[in-house]
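Q: Sequence:
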Amino acid sequence: MDQSSAITEAEREARARIARHLQDLHRLHLALAEESRALKRFTTEGRAEVEIALATELIEQYLGASGAFLENMRGRFEARLALLRRGEPAFGGRPEQAPEHGAFWLGFSRLCAVLRRAARHAEG
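For the sequence shown, position 79 (counting from the first letter as 1) is numbered 79 according to my numbering, and the numbering increases by one without interruption.
Hints are computed from structural coordinates only; laboratory data are not their basis. Heads up, the beta-carbon is just placed ideally off N, CA and C, and yes, glycines get one too. Everything hinted at is true.
Here are the in silico distance ranges between beta carbons for each label pair:
id: 1; residue 1: A14; residue 2: C112; range: 19 to 25 Å
id: 2; residue 1: A16; residue 2: E71; range: 24 to 30 Å
id: 3; residue 1: F108; residue 2: R17; range: 19 to 25 Å
id: 4; residue 1: A6; residue 2: C112; range: 25 to 31 Å
id: 5; residue 1: A90; residue 2: R17; range: 28 to 34 Å
id: 6; residue 1: A16; residue 2: L39; range: 32 to 38 Å
id: 7; residue 1: L54; residue 2: G124; range: 20 to 26 Å
id: 8; residue 1: L63; residue 2: H101; range: 37 to 43 Å
id: 9; residue 1: L30; residue 2: N72; range: 23 to 29 Å
id: 10; residue 1: C112; residue 2: T8; range: 23 to 29 Å
id: 11; residue 1: R110; residue 2: R47; range: 46 to 52 Å
id: 12; residue 1: A103; residue 2: L28; range: 31 to 37 Å
id: 13; residue 1: R20; residue 2: A113; range: 21 to 27 Å
id: 14; residue 1: A103; residue 2: L70; range: 23 to 29 Å
With these hints in hand, go ahead and build the complete structure from the sequences.
A: So, in structure tokens, the structure goes:
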């Protein structure tokens, strides 16, 4: 197996692991949605204040946990931007002539845009 095949295999495995984690997260979202639907029984039983309190706690805790995760990921990758930028492909000392030059900068720009979006989300 040559180096490019090994990198491709490592990338494929990383994508598969991330996809599995995102599937798990989706399952948790579905479970929380089901729990939130079950809260209406308190209101139908004449105890709307219980549904209000539980819904508030659910959303506050979810926002806190997901906000902390998002801020951690944003900080982690923002700290790595300079190193990532130095990974630009080169072709005889002229990066702009490397065949992967455009794709690299498109990907880098996409990451920067996602990080800005995450920052706006954190600012709320």
